[in-house]
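Undergrad: Each chain, letter by letter, is given below.
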Amino acid sequence: MKSFIKLAVLLFVAGSCASAWAAADIEINTPGVVALTQSMQARYPQLAPHYASGAVGLTSDGFVAVHDASAVPLAQRQAVNALVAAENHDRKALYSEIARANGHPEWTDDIRNTFAQRWIQRAQAGWWIQGAKGWAKK
Amino acid sequence: MNKTLIILTILSCSLAACVTINIYFPAAATEKAADKIIDEVWQIQKPDQPKPEQQKNSDDKPAENKTQKETK
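Going down the list, the sequences are from chains R and U. With the numbering used here, the residue at position 64 of the first sequence is 64, and numbering never jumps. With the numbering used here, the residue at position 71 of the second sequence is 71, and numbering never jumps.
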């Protein structure tokens, strides 16, 4: 009985360690991630002028937000709000889908934070970025 | 019996260590994955284009960014 317990514990330890090696990479080639990426790519041409005008900016938590609604004619503001909502819906789904696809749903926030940094780092000059001290132009 | 307890203690300590490793979040790999997705979403063509921005982190990327358009 004693040796059985020891064997079981050993096997469990070995299993945990083995899965640690397997987790060293991040899988993004899943149908869900690809679909969300394509959806966001298709929306980008509509969002790009609003990024450039400052109507929409990047938030520090990995999403987008209306930064300056007055940069958009009144008639279009509803459409911009809808674009922002749709983009954020996709981004939220993307972060949790990547976490889920890698077997660690609890990584969603880490993934979102990593994306937040990369979106901001790779944003074009002139876009609006939300930092610790509020909005600033990149 | 005492011996078994000691062994079990040691084993559970190493088990805890392994679980800690297992929970470790692969930040570097995620950054690369994020860049790949951002390239696609924002249609960024040339990652090697010198951009007038301060390099915040040392993101010295190898040439693998060039394969951004490979199909799944």
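Hints were generated in silico from the structure; no laboratory data involved. C-beta atoms are modelled at their ideal positions from N, C-alpha and C, and glycine is treated no differently. Among these hints, one or two may not hold up.
Here chain U is said to cover these stretches of chain R; the calculated rule only asks that three of the stretch's residues, wherever they fall, bring their Cβ under 8 angstroms from a Cβ of chain U [to be verified]:
1. 25 to 33
2. 56 to 68
3. 74 to 88
4. 107 to 113
Undergrad: Which of the numbered hints above does this structure break?
TA: Structure breaks hints 2, 3.
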